[in-house]
Amino acid sequence: MHSQVFHIGVRLDGEGDEAVRRIPFQPGSSLRDILNATSARVRSGCPGIGGCGLCRVRVDAGDGGAPTTAEILHLGEEVVAGKSRLACQIVPDGDMDVTVLTPARPSPWRVPITAPYRAAHPPSPGRARPGCPWGVAVDLGTTCITVAMCDMASGRCVATRAGANPQGRLGADVIGRLDAAAAGGPVRQWLRQSVVEAIGSALLDLSQDEGVPLPGVGQVRVVGNSAMLALLTGLRPEALLEPASWAAPIECPPADAGELAEAWDLARGAKIEIVQPLGGFVGSDLLSGVIHCRLIEGAEPALLIDFGTSSEAALWDGERLWVTAAAGGSALEATGIGCGMGAEPGAIRRLSRSRGGAWEGEVIESGPPRGICGSGLVDLLAILRAGGEVDELGRILREPLTISVGGAEFTIGKADIDKMQRAKAAIAAGVEVLRRRAGLTLDEIAVLHVAGSLGEHLDVEHATRIGLVPAVPAGRVRLAGNTSLEGALDLTLSEQAEGALALVRERAELINLSMEEEFEELFFDHLYIRPAAARS
Amino acid sequence: MPSGIDSLVQALTEGDRERSLAVVADLVRLEVPAADIVTEGVERAMAALDRKCTAEQFNLLEIMLAGRAVMAVIHRLFPEEASLPARRGPVVVAVLEGDIHDIGKAILKIVLTGSGFRVVDCGKDAPLGAVVEAAARSEAVAVCASGLISSVIPQVRAMKPALARAGLPHVRVLAGGGSLKQCAAAALNVDHVGQTAFDAIAYLQSIEGSHGRR
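Residue numbers (this note's numbering), protein chains in the order written: chain A, 27 to 562; chain B, 2 to 215.
Hint data in this document are derived by calculation from the structure and do not stem from the laboratory.
Predicted model, so just to flag it, every value in this text is computed and none were measured.
Some clues are possibly wrong.
[Unchecked claim] Pair ranges (Cβ atoms, derived):
1) A:Glu386 x B:Ala188: 46 to 52 Å
2) A:Ala472 x B:Arg77: 43 to 49 Å
3) B:Ala73 x A:Arg144: 43 to 49 Å
4) A:Arg463 x B:Leu169: 50 to 56 Å
5) B:Arg52 x A:Arg346: 48 to 54 Å
6) A:Ala497 x B:Arg52: 47 to 53 Å
Idealized CB from N, CA, C, for every residue including glycine.
Bound-form chain B, shown alone (with noise of 0.2 Å):
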């Protein structure tokens, strides 16, 4: 029903968590599927996240709201996250070894899996090794490293290869966070440095076509 649907990504956006759980109980009381929910409200409410952050600059306690939103919605419709309908991805997040700084990766996270992504987060302080081992293991398409402190810039840079070697060549690597984001792509041996979340969405719905699906 558009008209739920609407109000739906209006309460997500303004990070209303409780109106957005009634609008949603409504839509499933109508019979709207979770999944189309999921894709016609949830997803448009990240686009209308992406253009509000970069027009008016959504203060971080409104993102962390509408965050939050996004989860507790996404939770009520698909419990076992196991049966969320993620058509994108999969994409490793991981805070690198050394950094337990993660508010930046639990944003990615939900802004990635409110865009119908599925996300494998490898948590924070985060070795190499179990990294590219998750990567291998879901068959992922990208790793996004989120990095706060610029010790971890050596990690950054030894992705690629350590992916390589485990047989992942194809797999792309995105950086962000406070002192990775102020790094050129190259310097940090990545394909893509990411300013925000939706940036990094931004590259990866870019990269689509050329990996294919699972």
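Isolated chain A (complex conformation) (with noise of 0.2 Å):
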């Protein structure tokens, strides 16, 4: 079955006509669900069922359908006279105009836009404490925290909330986040202070659009990376800065369930869970993402990268699973590239340029691009390189360098490629030390799967011709999306997942980078932009 694409053109009401945005979507979804993840929020206050009576759009062109029950009971005259629907209650299947009457209040908590979650591993529904039939997964990022709630006897994901990750304030990087908190005080409770309230405000949230009550909650996992989980739990940070416990076992202080229940409302005796990190910087959110990936389950070797202000990856070889942690700086998250952008509406997603030499950018939400993002980025990159605009390098043939999309100018500076370079080098490398000490060529890796903030929409043949990922045979790249959270929710939801993480746990050998001899001719290696075909 092939699903056309249609799109949505929808202002908020007021707006003029230079406000549109223009939302593709596929047939399928309501109107409130293709709405709320973007940037044109519908109020809502119950699940999309018609309970609440608070999605109002007026249909200014286009087929809304014939108004529901629901609709005359919450609207009356109004939708009669065409005046206004409810937007949870229209399925379209065709273009339509749609003004938004009640938009949703401003929110720093925007609804991803992700492929539904499937679980990876079967509910336990006996999990679910009496009372409290949903749970709460956390993937809690350096850049972004990520929250899903979840019913625990279907294990069907409700609601998804993405925010920035407010201790960004005190720097972008993890290290500078250790450092502030090593500093003792004061700054120390912020950072975790500054976090619990986070998520405590992108549940409730949540909640009050779903209509879900948190009391209802009774079973939460968090994941994280080290550093995330350390200054969460109060685990001393010096500890992380000691380059002695880089390779080490990581012990971080159990949740204060009780404090952490009640600043987030959550059911009075709900157990909350912090997954532990594996060791090192590498954190239980790689471990969620192989489980969700049921990375070690087959006897094929498996490999998933991890993309992120700090990039993981690790590496199934049929007997042990090969981890690591790289840092190379957020430049794959647009991070300190002058035409960056995080993943938000007006970012370009994807770039093409035609034979003619006009570029074309495919812009989160359409309307006119504003910067572009960590895929954009990847595409540009390698559209230059095979253009001979950019050399092996990285040095620019040309400069000027700046391209038109959309109506707008983006100038690529050398410093900019510089911190693409370096941040490719660092996971790259990487991976080839992984690679090496599993003993397997590319050819043997039988699936790779891409996770992480490059997860949805990076250009796979791009990536692999600047040497991002490695060059396994086409046809073996999954683009994974947010492993981390959805392994997080098969965490919360089944005990099979729990098994799974232990044996995973048990499998897992930790390489240090910064211990590898290795590891710095490699660095320098993939520092070219080529592709990363094997040298040994």
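Two chains, two frames, a set of hints: combine them into the complex.
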């Protein structure tokens, strides 16, 4: 069955034509769900079942179908007069233009656009505490916090929210925050408190919009990188700053479930578990990704690369799981890149250039582009390299390098390319170290899962061309999305997932790249902008 | 031979190791003294790199390529490091205890060597005591401490007092690297904070007269 792509042209009440956003969609979702994954969110207070009557829109063009009973109940004459409809009751199957009459209150929490969650391990309904049918998974990332709420009995993910980690105020990278915490006192407390509050705020946002009461949440799992979990649980930050700890297991103190349950307004006896990191800078976010991808379940070698502010990789050779973390800087999240921005409305997430030289960009939520996000930057570098404007050393052969996309101009400089080279060299070199330790050739890797910030829209061919991902045979690469969060949902819902995690810990071999002699040479080698063919 | 030296300077600046070694082979065949090749060729290349770094923003790969070309030439001319005619320094370089990131130190060492300094390398994760001892043993004029993570800051601050206790109050202390270069010299209790390897060289050259040769 093939689905055509249609568009909703949406504006907020009072906005003129120039503010219209064109949202692509495939039939099957309600108008509310389509809109709520964008910046034009509509107000809501129930899980889209016509129960609250808050999600009011006006259909300006296109077919909204016949009003439902719920709409007549809530809107009465207005719906009859064509003045308003409930977005959750409309399932568009063609182009439409709508005006949002009751926009959602401004919120720092957005609904990430992802493929629907599919549990990798069967849910264990017995886990739900009496009177608490809901569970929550938290992915505590350095740049972004994501929370998801799930139905413990069915394993269905009800809703997800993502937003900025407030600690970013103290620095984009992990070391800076650990340093600040090591200075002690109020800063360290603030680092912890700000994250606890942020998670609470995300949960509240989600609960209000979906009409799910927070005291109905009885199970919570939190995954994150080691530094984030250390800051949350009060583990002394010096522990992570000492080189001796970078290959050793990390033991975070258990969460004070009572305190957190109260802070987040959850069920009184809710079980709140911080999933322990593996060790060094490899956190439980990578581990949850491994169990969600079911990486170690087969005999065949498989590789998972989780791109982010710090990137991690896990390589299964059939017996052991080789794992490492590589700090290359956050250029791949477009931080510190002049024309870069996060994957938000207005970001160019895919770029192409026609034979005639005209650039075309796919913009998140269409409209005028404001910047280029990580996956777009990968496209940009690959295309410039192929076109000869940038050489394999990263030098710009014809300066200045300005491109025109969608009516806007973007300039890329040598320093920007340098940052991208360093980011990719770190993770590519890390992956190669794992590969050598496992004694595997690239051909032997049966599947490569690409996860993290680049895990949704990456052009694999471009990524391979610049050496960001290793050149495994085409067709073996899978864009896996936010595996950390989905693995955390698995852990919240499923006993089997917990068992899988225990096995992963047993089989894992943590490689500390800063102690690997060959790392520097490999890092140098991978700075070149060229495919990362194995050299041994 | 001026034109040969010029092409060496160019090859080094471009990070072309093969061409640099080929030119050096020619110069050696023409009986140009090794020491002259270093002072005329390599040191001029260092100065040219310095200008390029400031003006054009050399990327990390280019810096590493140039550094490797320089080291290749130096090792070809002086297989025994001890025989290298270093007129300046000695300078101790170290990545202090608790920090093992040493790309910065490696570049600094290459640039110092290429500029005629004798370098004593204490390696990474180096305890303060070992650095002071190396400074004493080599009669160093300066110590360069490189730090990526700010947890080494307390040790950087302790460097001058430790040197003074060892009877070396005249030894200058420079700091550089990720976390250190953001700080003021006074806050770190050092004599100079270097933004780049070339910045460090400029400072060391400026104090040369005041310290005197060995």
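Hint-by-hint comparison with the structure:
no.	hint	result
1	A:Glu386 x B:Ala188: 46 to 52 Å	holds, 50 Å
2	A:Ala472 x B:Arg77: 43 to 49 Å	holds, 46 Å
3	B:Ala73 x A:Arg144: 43 to 49 Å	violated, 54 Å
4	A:Arg463 x B:Leu169: 50 to 56 Å	violated, 44 Å
5	B:Arg52 x A:Arg346: 48 to 54 Å	holds, 50 Å
6	A:Ala497 x B:Arg52: 47 to 53 Å	violated, 38 Å
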